[in-house]
Amino acid sequence: MKEQRHHHPPAWAQRFVAWYCRPRLAEDLLGDLNEYFERNVQNLGPGRAKLIYIIDAIKFFRSYTVRKPEFFHPFIKPIMIGNYLKTSSRNVMRNKLFSFINIVGLAISMSVGLLLIAFLNDIYSYDRFNGKGERVYRITNVHTKGRAQGKYPSTSVKTGRLIREEVTGVEHVSILRDDFSGDAVVGENVLPLKGFWAETSLFEMLSLEIKEGNPHTALRAPYSLVLTESAAEKLFGHQPALGKAVRFDSVDYQVTGIVEDVPFFSHIDFEALVSFSTLESRNSGDPDFESWDNMWSNYVYLRLSEDADKGAVQTQLDALAKNENLSEEDTEIRLELLPLYDIVVSEDLRRSEGLRYISPHVPPQLLWIVGSLALVVILSACFNYTNLSLARAMRRFKEVGLRKAIGAGKNQVWQQFLAEAIMVSLAALLLSFVLFLLLRPQLINMAPEMQRLVKLDLNAKLIVIFLLFSILVGVIAGFLPALFFSKVSAMDALRNVSSVKVFRHLPIRRVLVVVQYTFTLIFITATAIGYVQYKNILEFDLGFNTENILNIKMQGNDPEVFLKELREMPEVSELSRSLIVTSIGNAWGGFMRYGESTDSVLVMTNHVDENYLALHGYELIAGGNFQARPATQAAVSEVIVNEQVLKRFNIANQDPERAIGEEVTFSNVQGFGRKMTIVGVMKDFHYGKVDNLIEPTALMFWTPGSPAVVNAKIQSDNIQETMAKVEAAWKKIDPIHPLDAKFFDEDIEEAYSEFSVMIKIIGFLSLLAISIASMGLFGMVVFATETRIKEIGIRKVMGASSENLVYLLSRDFLILLSISAGLALPVTYFFFEKVVLVNFPYHEPIRLLELSAGLVVVLGIAFLMIGSQTINAARSNPAKVLKSE
Amino acid sequence: MKGTNIGEFEELVLLTVAALMDEAYSVAVCDELSTHTGRTVKLGVVHAVLNRLEEKGLVKSQLGEATRARGGKRKRFYQLTIPGKNALVNAKEMRDQLWDRIPSLAWKNL
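Taken in order, these protein sequences are the chains called A and B.
Per numbering that gives the first Met the number 0: the first sequence = residues 0 to 884.
Per numbering that gives the first Met the number 0: the second sequence = residues 0 to 109.
Everything hinted at is true.
Stretch-level coverage of chain B by chain A, calculated; a stretch enters the list once three of its residues show a Cβ under 8 Å from a Cβ in chain A: (1) 23–34; (2) 67–78.
The calculated lysine to aspartate or glutamate pairs, modelled on EDC-like cross-linking and capped at a C-alpha distance of 20 Å, are: (3) LYS41(B) with GLU37(A); (4) LYS534(A) with ASP690(A); (5) LYS157(A) with GLU331(A); (6) LYS72(B) with GLU37(A); (7) LYS210(A) with ASP268(A); (8) LYS157(A) with ASP178(A); (9) LYS534(A) with GLU753(A); (10) LYS563(A) with GLU573(A); (11) LYS730(A) with GLU564(A); (12) LYS72(B) with GLU26(A); (13) LYS59(B) with GLU26(A); (14) LYS712(A) with GLU538(A); (15) LYS552(A) with ASP733(A); (16) LYS59(B) with ASP21(B); (17) LYS41(B) with GLU26(A).
Simulated from the structure, these hints should not be mistaken for lab results.
Bear in mind the structure is a predicted one, so any value in this text is a computation, not a measurement.
Note that CB positions come from ideal geometry on N, CA and C, so glycine has one too.
The shape of chain A in the complex, shown without the other chains:
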């Protein structure tokens, strides 16, 4: 008999019954279940008895046993909510300092949340204008050659054809080809247009409406052209454009359709489309055009039919690719389907250089990073609320006790405190909305990419989300205080037990402060380190001079005339021509061989003229400048290489002097297997960005007819005036295209703009985090000194010195801050050393200065606040403080 006493029904099942059951029925129901349980323990054993108990507990969940949700209580609720609002607003008014800290802190952090929500809303509204978009996919090509694998958004023309002919379950296929652009000429009117080679089915695919022309045949015939409405208006004004001719590069195209403008939130953007059949007729017979591995500039979109199964289509694609791969030697291509709606937010895809098809793209990792940073800031403000509410518990203690004594349940107290938190967060929403409106233009104008990416416009849906967000923040902030207060017993509260005692062993407040400060320190230290490293990158010694060099892109014009104009300007001291601007991520290259070896190595190149080396201050170790002045690329026979080339091929045992005169074989798009003589060896310089290692690099002679960048060394006191002159000179040679000129240093800054954007964002967030954490700390210090003012008085009377008291009051906070610093600094240091900076082989080491800068600032502010309050308290006159006792 004694043994059975030890068996109890599962506690959670009992609580479950007590939770759902009407109070009137609960007791005897539980009793009955218990009686059965004891009986079953004897008859069937404890295991089965427990199981039966659980089953019965669930089975008793019936309409007559379940309590009605109290939320809908018709009469009492409005009155109580009114009461909550009244007491809450009185409470907010009474504690102006705390309310200010709470509301401002929440508002600042929530404005970040609002920006992020608006941003996400925009990102996820891309392509949603498309009526049947959920069935549209773009083909992703996974290209494996040897060991190198790459995922490309582009694919081959053949892929599109094969899918159209062989794959079932596909409604429409549309091939889009890049590299159509040029100046549209209509009479005197010249307008650069960007566009694609496309098929008529594209309109169906993207649900774009054809305003004029036949939507089914517009792009069928060769040399057909479809313009967007705004492009047609720019070209033809208000005259009808349909049927007219537009000239591109001495070829006439006929306008066969006018399509509506592409919406802002579309991943592809164009002004004109030219029929794909034009290309087909031009390239008929060219085997390369339709080859399986010519996958660099075509995009294939397809729409599945309504009842099609994506998996089945994928299987057919796999089979199709497998079949085609048979004819390739070492290339393997796999086709994947990328849903239209996932194009903007998806993994990074590679792209071949020089294409116009640039879809806005946000890597999901970035969203996660920024999202979690924003979350940290918001949580920090919520922690403030939680901390300050708990700290102020004493004042509310009596109120809660009284409420409970006259019949308030746990739930009601809980609701009251949640309602209060939500009220504060809604008030904060108003303020944060103003901040949102102020910050929005800052965010959009932070980078040109952002302007293209988002609008952050408000709409009804967004406002509703804002409201829900603010309520959620209120719930998070008020959850812990509400829980604590609802657990207060009326006896304790009214028996005059000090709340300090009740809450003394509450570690949660300390934990929250430590977490808050740890994150703040991580933020601010990361900003400091990131900023210093970024500055290092900008001032990095690339191995040549970039100061005061203006790079002007010729955009297809002959540089000779322009050079003549520039030579006449006194501000221009030196001039040179080059194919590309190096060191900012541009690349051009070919394959080099040396001697009898078949070892062919990718060598990055730039084509430059005879003045280029001197103008940029390249350091030649051996040999000299170009001697010959070839007129075509095929005739180029001289090359200047860097040390890496000698090292890679081991030319003349890497002795620069002896390498002069050696012959190499060079192949690129302009010619195969050209023999070239090394005429100079230059010191290694950074051809790529600073996150690339220095690779073998060669300079060759620039020849007329190649694309050109004019590099002009400017010596001027008035840059604006000089730029105006340059612009005037440009207008003389090219009235159509705007001048595209940038100083080298600007180019470099732009090349690393993603870092500067990232630093700005994290810097901004760390500023917010530090101000929120500081406000919270301030509130805590004020509270701590207020509650201990009498203790301080007594200590003073007994002979404690001011220093003693300041130490006593600030000790706790200092311990917490040291713990935070001890956590944050190593974490940040290792994060940068092991994760971020490994990508930058030439980075400077992290110095103690930037590592500790954040700590010094945070500690400085903390000391200031702790100090000012504690010194005040320590100086207080004990006679006044203790008078009332």
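Following the hints, complete the assembly by docking chain B onto the known chain A.
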């Protein structure tokens, strides 16, 4: 009219409550029914019926004294009310009348 007509199982439960006198609480009713009818009677069903009968006003209930058994939970004892007694009597009378209408001759032929 509510309360005048009762179902078969309701009648059984009512009768049991009446028979058990002061000991009529849900588990006891359940056990009693099981022994007398020979079918397995689920506690949940009895509980629901008792609750319904109380809603109809045919029984009334009160909580008993707390004991150490049943996890310290009190029992809810049920008692027949006057309408409950009437409903039982009505049901019995109705049956008796029907019984009486069967001629004894008819029985023998079956």
